[in-house]
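Engineer: Position chain L against the provided structure of chain S, taking the given hints into account.
So the sequence lines, in the order shown, correspond to chains S and L. Following our numbering, the numbering of the first sequence begins with 1 at its first residue and continues without gaps. Following our numbering, the numbering of the second sequence begins with 1 at its first residue and continues without gaps.
In short, the hints are calculated from the structure, not lab data. One should not assume that every hint holds.
A pair holds if it fits inside one copy or across any two, identical chains being indistinguishable in the list.
List of simulated lysine-lysine pairs, DSS-like, C-alpha gap at most 25 Å [to be verified]:
id, residue 1, residue 2
1, Lys147, Lys45
2, Lys34, Lys101
3, Lys175, Lys101
4, Lys21, Lys175
5, Lys147, Lys175
Model, not experiment: these values are computed from the prediction.
2 protein chains.
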Amino acid sequence: MAKRIITVGRECGSGGHTIGKLVAQRLGISFYDKEIVEMVAAKTKLSPDFIAAHGEYFQNGSLGHIFGYGGRFASTMRTQSSLQDQMHFVQTELIREIAEKESCVIVGRCADYILQERTDVLNVFIHSAMPYKVERSIREHGLEEDKAASILTKRDKARSHHYNFYTNQTWGMAKYYHLALDSGLLGEEKCVELICLAYQV
Amino acid sequence: MAKRIITVGRECGSGGHTIGKLVAQRLGISFYDKEIVEMVAAKTKLSPDFIAAHGEYFQNGSLGHIFGYGGRFASTMRTQSSLQDQMHFVQTELIREIAEKESCVIVGRCADYILQERTDVLNVFIHSAMPYKVERSIREHGLEEDKAASILTKRDKARSHHYNFYTNQTWGMAKYYHLALDSGLLGEEKCVELICLAYQV
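Excised from the complex, chain S in its bound form (with noise of 0.2 Å):
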């Protein structure tokens, strides 16, 4: 059976998104990782730049510093709690429209799990040792030498907070993904190469 959507969880720093890109690009199909942001922006009243920093970063009581509030308050809390909460109702929603509409790689935002009904999904993790991430994202991002691998970690922290507490799986266990890669070991062509073998099933 044919595989049509490929799901990319990844470590960040790990370029699971360039690689889900170049698999996009190698397979012909569409691909959505910060596009979702765009579209889940017209979707609601929640800024880009808010739906960037927590449309897959879970923080919890972190999130009051939008609203000046520093996340004191209960009744912030809740509003910090429901605004989370919509747009992963509307992140879901959304994923769910693209995966109907046409084959494509989906990084990150819990696809794999908002999916899981399909059969006609192979879901992905990406992921390295920390120092390949930390060079990685020097190199990539700019990201200063001395405070690279605690800001990789904190963010890996968030994500995978995020996911558990909507999928209740654990982020990073290999059961939940059809092919997990270290792409620190194998290199970003020949993970490319796997994925798309993988996706010929």
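Structural biologist: Chain L only, in chain S's frame:
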């Protein structure tokens, strides 16, 4: 850099043994799984049956039955622990010797962790959903239909306890393997193909 050694961690019933064997045949390299049992037996006073039953299954406080004590006494517990440790240390030494000697596939037994200092190892993990594992275990190993899922779950629990205890890592977590594959979705042949392709880094 060409990889020389492949370690294969696997969920019980996922076909990891078969996939590892097919990979070794395809690459023309040696294969070690139950072969290790006889080799450990030759180096210790432990019986092959004991090694097969406990060599990669950590059954805390449940080894007493081989001495007829039922694991009820503290002195017996210490003996069990010491036997388990002795076996693990001999197995560790043996796996290092094998890896030093030749290109090969080594199944289970924390080989990925034991060989972590080497740079010529590809660590693979094979898993699949329970219905596939149950169907396969009935077909291949004659497990009874109504008991299969419970047996597989119990064995994997003992396997993961053993791995987590001796490695301080988490069995089945994607980040500890270079390549993790769902054999149920991908099929045995595709898994063999993907591992062989990844091996050619």
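Engineer: Are the hints correct? Go through all of them and say.
Structural biologist: Against the structure, the hints:
In this assembly of identical chains, the alpha carbons of lysine 147 and lysine 45 never lie at most 25 Å apart, being 34 Å within a copy and 53 Å across copies at closest. In this assembly of identical chains, lysine 34 and lysine 101 lie within 25 Å of each other by CA distance solely inside one copy; the values are 18 Å within and 49 Å between copies. Taking CA atoms no more than 25 Å apart as the test, lysine 175 paired with lysine 101 passes in neither setting, with 27 Å inside one copy and 33 Å between copies. In this assembly of identical chains, lysine 21 and lysine 175 lie within 25 Å of each other by CA distance both inside one copy and across copies; the values are 24 Å within and 22 Å between.
For the homomeric pair lysine 147 and lysine 175, the shortest alpha-carbon distance between copies (22 Å) is at most 25 Å, but the shortest distance inside one copy (32 Å) is not.
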